Each structure stands twice: as C-alpha cells, then as structure tokens.
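J.: What follows is the residue order along each chain.
There are 2 protein chains.
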Amino acid sequence: MKMADRLSRIQPFRVMELLARAAEHEAAGHKVVHLEVGEPDFDTCEPVSAAGIAALQRGATKYTPALGIPELREAIGGYYEQRDVQVDPSRIVVTAGASGGLLLLASALLNPGEKVLVTDPGYPCNEVFAAAVGAEAQKVPVLAENRYQPTWAQLDEAWGESVRGALLASPANPTGTLVPREELERICKGIEGRGFLIMDEIYQGLVYNQAEYDTVLEIDPGAIVLQSFSKYFGMTGWRLGWVVVPDALVDGVTRLAQNLFISPPTVAQHAAVAAFSPAAMAENESRRVKFAQRHQRLLHGLESLGLEVPVCSDGAFYLYADVSSSGLDSMTFCTRLLDEFHVACTPGCDFGDHQAERMARFSFTADLSEIELALERIAQAMDVFRQG
Amino acid sequence: MKMADRLSRIQPFRVMELLARAAEHEAAGHKVVHLEVGEPDFDTCEPVSAAGIAALQRGATKYTPALGIPELREAIGGYYEQRDVQVDPSRIVVTAGASGGLLLLASALLNPGEKVLVTDPGYPCNEVFAAAVGAEAQKVPVLAENRYQPTWAQLDEAWGESVRGALLASPANPTGTLVPREELERICKGIEGRGFLIMDEIYQGLVYNQAEYDTVLEIDPGAIVLQSFSKYFGMTGWRLGWVVVPDALVDGVTRLAQNLFISPPTVAQHAAVAAFSPAAMAENESRRVKFAQRHQRLLHGLESLGLEVPVCSDGAFYLYADVSSSGLDSMTFCTRLLDEFHVACTPGCDFGDHQAERMARFSFTADLSEIELALERIAQAMDVFRQG
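Protein sequence lines correspond, in order, to chains A and B.
Mapping of the first sequence onto the working numbering: residues 1 to 388, in sequence order.
Mapping of the second sequence onto the working numbering: residues 1 to 388, in sequence order.
Among the hints, erroneous ones may be present.
Because identical chains share one entry, a pair is satisfied inside a single copy or across any pair of copies.
Pairs of lysine-lysine residues, derived as DSS-like cross-links and limited to a Cα-Cα distance of at most 30 Å, are as follows [as the list claims (entries may be wrong)]:
no.	residue 1	residue 2
1	Lys139	Lys31
2	Lys290	Lys2
3	Lys189	Lys290
4	Lys2	Lys139
5	Lys2	Lys62
6	Lys2	Lys189
7	Lys139	Lys290
8	Lys290	Lys31
9	Lys139	Lys189
10	Lys62	Lys31
Calculated from the structure, these hints are not laboratory results.
These figures come from a predicted structure and were not determined experimentally.
Sequences are here, hints too, so could you generate the full structure?
T.: Shown next, in the form of structure tokens:
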C-alpha cells in the first residue's frame with residue numbers, strides 16, 4: 001500500500017524511545033525521575049472533575065454546536081474580559097485540544113505548496129500540521145540573545161513569496177520564553193496586511209514573573225490565538241482547547257469545524273465551564289506558585305552543576321539547558337542519563353535542528369522532592385560524563 | 001486575510017439552515033418533529049456513563065498512548081473475535097471519533113493532487129477530509145438498481161491515474177444500504193494491488209435484516225475499516241471511534257496520531273471499554289430492535305403517502321425517499337414541510353448531486369409516537385403540495 005509522501009518527513013519523537021526505555025528500567029525495579037513530560041503532574045482539579053461527573057449524571061453526552069456550547073464560549077470571553085481584552089464569543093471556537101485548533105487553522109489558511117514561518121526550536125508537531133494540509137513549515141532559527149524568540153527583522157527576511165503567515169508561541173515550548181512586548185509590537189505591525197499571525201498561548205497563565213502582556217490580543221486584536229485547557233487549567237486528557245479568530249474567518253472556520261470535527265467533546269466542554277470558577281482558578285493559581293518554586297529550584301540546581309540555561313524561561317514548565325559541558329552531545333547525554341542514572345529528559349533534536357545537539361529540555365512537572373533526587377543523580381552523571 | 005482555496009469549495013449544510021429555522025419555530029411555541037438528525041435519540045447507556053463517572057472519580061484524566069489505552073484496543077479486538085474475525089489489537093487505532101479516523105487516513109494515504117473515489121450520494125464530509133490534505137474526492141454516482149452502492153465495474157471505470165483508493169460505506173449514509181456481498185468480493189479483488197479500500201462501518205450493528213457479512217474484514221483482511229462509538233454504541237458527544245489498518249500502515253499512522261492528536265479523549269476511552277460489557281450490549285441490542293420497529297413504520301408510512309423509497313435501507317437510521325410526487329424539488333419540499341407543517345428532514349443536496357433534487361433523507365431517530373405525528377403532518381403536506 002502506497003503511503004502519502006508526508007509520512008516520510010515525520011520523524012518519530014526521540015523522547016518516545018526514551019520513554020520506552022524508561023518503562024523497561026521501571027519494569028526492572030528502578031525508580032526513574034521523569035523530567036521529560038509535557039503534562040502537569042497535578043490531576044484535573046476537583047471543581048472541573050465534579051462538573052464533568054454532573055454532566056454525565058444528567059446525560060449531557062450528545063453532539064453540541066460545532067463551535068462549542070454557548071456557555072463555554074461566553075466563559076472564555078469572560079476570561080479575556082477580566083484581562084481587559086474584549087473578545088466577542090462569536091469569535092471563540094472551542095476545539096478538540098489545541099491540536100484540533102492547529103488543524104482547523106492550517107486547513108483554513110494554507111494551500112498546498114504554501115508556507116508558514118515557525119521557530120527552531122519550537123513545538124515539533126507544527127510542521128506536521130502544515131504537512132497534513134500539503135503546506136510546509138519554514139523554520140526560523142531563534143537565538144538566545146533574542147530570548148529564543150524571532151525578531152521582526154528575521155521574520156521579514158524569511159518571508160518569501162509562498163509564505164502566508166507566522167505561527168509563534170508565547171510562552172514557547174521548549175524554551176518557555178515570552179516574545180518581548182516591544183518586539184511583538186514590531187512583529188504585529190510588520191505582519192499586518194501581509195499575512196496571518198497565529199500566537200500559540202497554550203501556556204498562558206503559567207508565567208513566573210510579571211508578564212509584559214497577557215495575550216497578543218492586547219497588542220493586535222486581529223491576531224489569531226491558539227489556546228488549550230491542558231496546561232494552566234490542567235485538563236490534558238480531556239482534549240479541549242480554543243482558538244480566537246478574526247470576524248472574517250468565523251464563517252470558514254465554522255464550515256471546517258462542522259465537517260472535520262462535528263463537535264468538540266461534550267462532557268469536557270461542560271467540565272471546562274467550571275475551570276473558570278473562583279474555586280478552580282484559586283487552585284490553578286496555587287499550582288502556578290508550586291511550578292514557580294520548582295522553576296527556581298531546577299534552574300539553580302542545573303546551573304550549579306554546570307548545565308547552563310542560556311535564557312531563563314518566563315513560563316511554561318520547561319528549562320532549556322545547554323548540556324555540552326558534559327562533553328556529550330545532547331542525544332547521548334539524555335540516553336546515558338536515563339540508562340545509567342535513571343533521569344529522563346528530552347533531547348533538543350525533538351524540537352528542531354538549531355543547536356539541537358547541545359540542548360536538552362528539562363520539565364518541572366515533578367514535585368520538589370523528585371527534582372532534588374534528579375539533581376543528585378545529574379551531579380553524579382556529570383562527574384562520570386566529564387571523566388569521559 | 002487570505003483564506004485557503006479549499007474553503008470556497010465547502011458548502012454549508014443546508015440542513016443547518018433548516019435547523020436554525022426549526023429552532024425559530026420552536027421558540028415561537030410550535031412542536032417540531034425532528035427527522036433530520038443523524039444522532040440516536042437514546043442517551044448513552046447506563047453502564048457506559050457509569051464507567052465514565054468512575055474514571056473521573058479515580059482521576060483518569062491524563063494523556064493516554066496515542067493509539068489508545070491497551071484495554072480498549074483489546075476490547076475492540078474481542079468484539080471482532082466474537083464475530084470470528086481476527087484483528088490483532090496492534091492494528092486497532094482509537095481515534096477522536098470517526099472524524100479523527102478520517103483525518104488520520106486521509107493524511108496517511110493522500111498526497112496533494114491525488115484522488116479518492118467516494119459515492120454520490122454519500123457522507124458529505126468525506127470530500128472535506130480529502131480537501132483538507134490537498135486531495136480530491138471523485139464522486140461515483142450510485143444507482144437504485146445497485147442498491148445505491150457502487151459496482152466494481154463503476155469503480156474500475158472511474159479509476160484514473162491519480163486515484164489512490166476508494167472510500168465506501170456499508171451501511172451507507174444517507175441510503176442505509178449495505179454493499180451486497182458478491183459485489184464487495186469483486187470490489188476487494190479488483191482493488192487489491194491497485195490502491196486502498198476504506199470501508200466506513202460506523203453504522204455496523206445497526207442492521208435490520210440478516211446481513212450477508214458483519215465487516216469487510218471477513219472478505220478482505222487487508223481492507224481499512226473506519227468505525228465509531230457514536231451510532232450503535234450511542235456515544236456521539238464522547239467523540240470516540242477507531243480504525244483498523246493493515247500492519248504496513250501502523251507505524252505511519254502512529255507517528256501521525258502522536259503529532260495530530262497526542263491522544264484520544266481519556267474519559268471516553270475508559271467509558272468505551274464498558275460499551276462491550278454484556279449489560280451495555282444487551283441495551284444496544286434492545287435499541288436496535290426499537291430502531292427496526294421505527295424503520296418498518298416509517299417505511300410503510302412514507303410509501304403509503306406516495307413518497308417512494310426506491311431501495312429500503314438495510315441499516316443505519318435512515319430512509320432515502322423520492323419526494324418528487326409532491327410536485328416539489330426536495331429543497332423546497334424540506335423547507336415547506338418544516339415551515340408549514342413543522343417536520344424537519346434533510347434535502348438530498350446535502351449528500352451530493354446525483355438525483356439530489358428529488359431525494360430527501362428521513363431519520364428514524366425519533367420514537368414511534370413522533371413518527372406517527374410526522375406521518376400525519378406529511379399526509380397533510382402532501383395534500384397541500386399536490387394541489388400546487
């Protein structure tokens with residue numbers, strides 16, 4: 001059976017091999033510390049799960065409107081309103097995770113053969129969404145001196161004839177950095193009239209310093225926002241997210257959503273309404289504080305071991321560290337750290353090519369005691385690795 | 001903002017306009033009988049909802065493996081085994097509804113510019129999945145004399161250089177017919193070595209006569225099957241389905257699923273395991289019997305009113321009727337039937353072009369008393385329409 005050409009361009013995630021090896025170590029009785037996971041270790045908070053149970057108990061299991069139930073779209077609008085950003089619920093499209101949002105946007109905006117600018121390093125699936133619709137993601141290397149975010153000058157230079165827009169992230173994966181506000185203003189102004197700007201804000205809310213802005217919509221009301229209930233709201237397995245689109249896109253995205261999804265998962269939608277309740281938001285905030293503590297501990301721990309973090313992340317739950325002082329390339333570093341010291345992290349090659357051989361992503365989706373244990377083990381590993 | 005060309009080729013469903021008008025009539029205090037809905041009127045059955053609640057209570061809300069939790073893939077394998085069909089769980093991919101399955105398959109099998117054969121009439125979203133990946137659905141008109149299913153001779157004739165495979169359905173939407181076994185054998189043999197055959201079996205189990213086969217896999221173990229928990233299992237809003245793929249596709253589909261979906265909805269997966277329990281299967285069977293009663297009542301009712309059903313459906317919950325004896329084209333018929341007599345059904349143009357102007361789909365997703373009421377109203381309507 002002949003498969004589509006795009007399959008040959010999809011690399012398996014290297015971290016999946018590492019996960020399989022981690023499982024083998026665990027099966028052999030070893031305790032593995034997991035700093036490779038892109039998922040909060042906290043369970044979905046109680047008010048959200050309770051709302052899901054209540055929805056099931058009253059039989060809310062039928063299809064919903066393709067763009068989501070009105071009460072959830074209004075609750076999302078209210079979330080922006082609390083941040084002094086006006087987003088009419090008619091522009092809010094509830095999706096099957098941010099993944100569903102990426103598919104909707106790629107198919108609404110990209111013809112076969114066209115290009116979207118993405119960052120290197122960046123979220124690796126972005127390329128596959130572009131490839132799925134027959135388009136291509138063109139990687140723009142981002143530099144530590146620019147906080148691992150693109151400048152308008154870089155985007156402008158990369159913007160060839162077949163480029164239709166840019167897909168950026170703030171905070172970004174794997175670097176956790178925000179696009180600095182001044183640069184974001186230049187980017188929004190530069191892109192206006194030339195194409196689309198999609199801002200992946202799935203880590204919005206998980207920010208550990210005073211942010212210069214909450215959402216790109218403060219700066220450019222015409223930007224497209226990609227959002228998720230997975231990260232700040234702790235609802236990964238529910239597969240729910242949303243996108244905010246300009247008025248001009250609502251009709252097209254509606255027709256696509258009807259055809260490609262019928263509707264987002266119903267119980268998840270009813271549960272997500274409760275994610276904005278005061279009780280849930282208090283829990284989300286208390287978890288953010290815990291992530292902030294881990295962030296500091298892991299940052300200082302890695303640096304004290306000689307694993308430099310060129311740019312301290314602003315948010316998300318990641319630190320992107322340079323492991324070259326170990327004397328190993330990052331894939332070897334990650335493999336040996338797991339096999340010999342039972343700590344899992346993700347090699348840079350899963351996020352792109354630029355400096356990937358020296359970088360690794362450490363997640364702080366494990367509690368402080370696990371992070372302490374990981375740091376002890378990494379200290380031993382560095383001693384061994386440096387001896388060659 | 002420039003949108004992708006594929007958007008201009010996606011027609012809105014006409015039934016959506018009718019649904020909006022139906023809501024207006026209901027808001028004005030009128031009772032509308034809904035025979036336009038492609039969703040069982042029954043709630044998700046108790047064992048399944050209870051399993052969903054239990055999953056939430058134990059906090060099963062994280063990501064799962066991209067192809068689904070092992071216990072569900074094994075339960076699906078067991079479902080086939082009970083039908084004397086061996087399907088290794090490694091070939092079973094749990095998806096976000098059959099919609100998720102269609103996207104996976106389209107992106108695994110179709111390059112931009114390539115074609116897949118589909119039926120006219122058929123499930124209208126098929127074309128949009130092809131367009132999403134830059135490919136094209138080529139419609140093959142199906143005839144009443146062939147039970148609204150394609151013959152191998154038709155597919156063979158339509159199979160041009162850029163055709164990569166065929167996507168058929170058995171039972172089909174909107175006609176409810178199965179591909180006759182002999183013809184299916186010819187189709188499987190003819191396609192072998194030439195391309196792929198995807199069989200949409202989302203209405204499997206909802207069959208009202210003795211079927212000649214349960215699944216295409218009995219006839220061609222290399223066929224690809226698209227399935228859903230929405231119809232026979234009554235789990236529409238949970239957004240869960242599965243595909244069965246040949247071994248050669250497993251690796252590619254796995255990489256695509258990891259990138260495009262991360263994982264199917266978690267609570268739905270745990271609930272779906274219970275959909276195969278004896279208690280749930282007994283309930284599914286009792287609902288099938290109710291659908292069978294409605295099927296007969298609606299069939300005889302429509303025909304007694306002069307609305308010919310050229311081919312009685314074998315399954316699904318649809319009858320595809322010729323409304324031309326009303327003297328109206330089917331869009332006018334549906335619009336006037338709703339506006340003047342408050343009965344909703346779906347015009348043929350939502351399913352294709354072939355004879356669409358004379359055909360309409362009547363769903364029996366309403367109970368017998370509603371069907372009786374609809375028939376009374378349609379009788380009045382026919383009197384009025386025929387008087388011109």
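J.: Does each hint fit the structure? Answer for all of them.
T.: Evaluation of the provided hints:
1. In the homo-oligomer, the alpha carbons of Lys139 and Lys31 never lie at most 30 Å apart, since the shortest distance is 38 Å inside one protomer and 57 Å across protomers.
2. In this assembly of identical chains, the alpha carbons of Lys290 and Lys2 never lie at most 30 Å apart, being 49 Å within a copy and 43 Å across copies at closest.
3. In this assembly of identical chains, Lys189 and Lys290 lie within 30 Å of each other by CA distance neither inside one copy nor across copies; the values are 37 Å within and 61 Å between.
4. In this assembly of identical chains, the alpha carbons of Lys2 and Lys139 lie at most 30 Å apart whether taken from the same copy (28 Å) or from different copies (22 Å).
5. When the C-alpha separation of Lys2 and Lys62 is checked against a cutoff of 30 Å, the pair qualifies neither within a copy, at 37 Å, nor between copies, at 35 Å.
6. Taking the shortest Cα distances, Lys2 and Lys189 sit within 30 Å of each other only across copies (17 Å), while inside one copy they are farther apart (45 Å).
7. In this assembly of identical chains, the alpha carbons of Lys139 and Lys290 never lie at most 30 Å apart, being 34 Å within a copy and 56 Å across copies at closest.
8. Proximity of Lys290 and Lys31 under a CA criterion of 30 Å is satisfied intra-copy only: 23 Å inside one chain copy versus 54 Å between copies.
9. Taking the shortest Cα distances, Lys139 and Lys189 sit within 30 Å of each other inside one copy (21 Å), while across copies they are farther apart (45 Å).
10. Taking the shortest alpha-carbon separations for Lys62 and Lys31, only the inter-copy value of 21 Å comes in at or below 30 Å, while the best intra-copy value is 43 Å.
Of the numbered hints given earlier, the model fails hints 1, 2, 3, 5, 7; all others are met.
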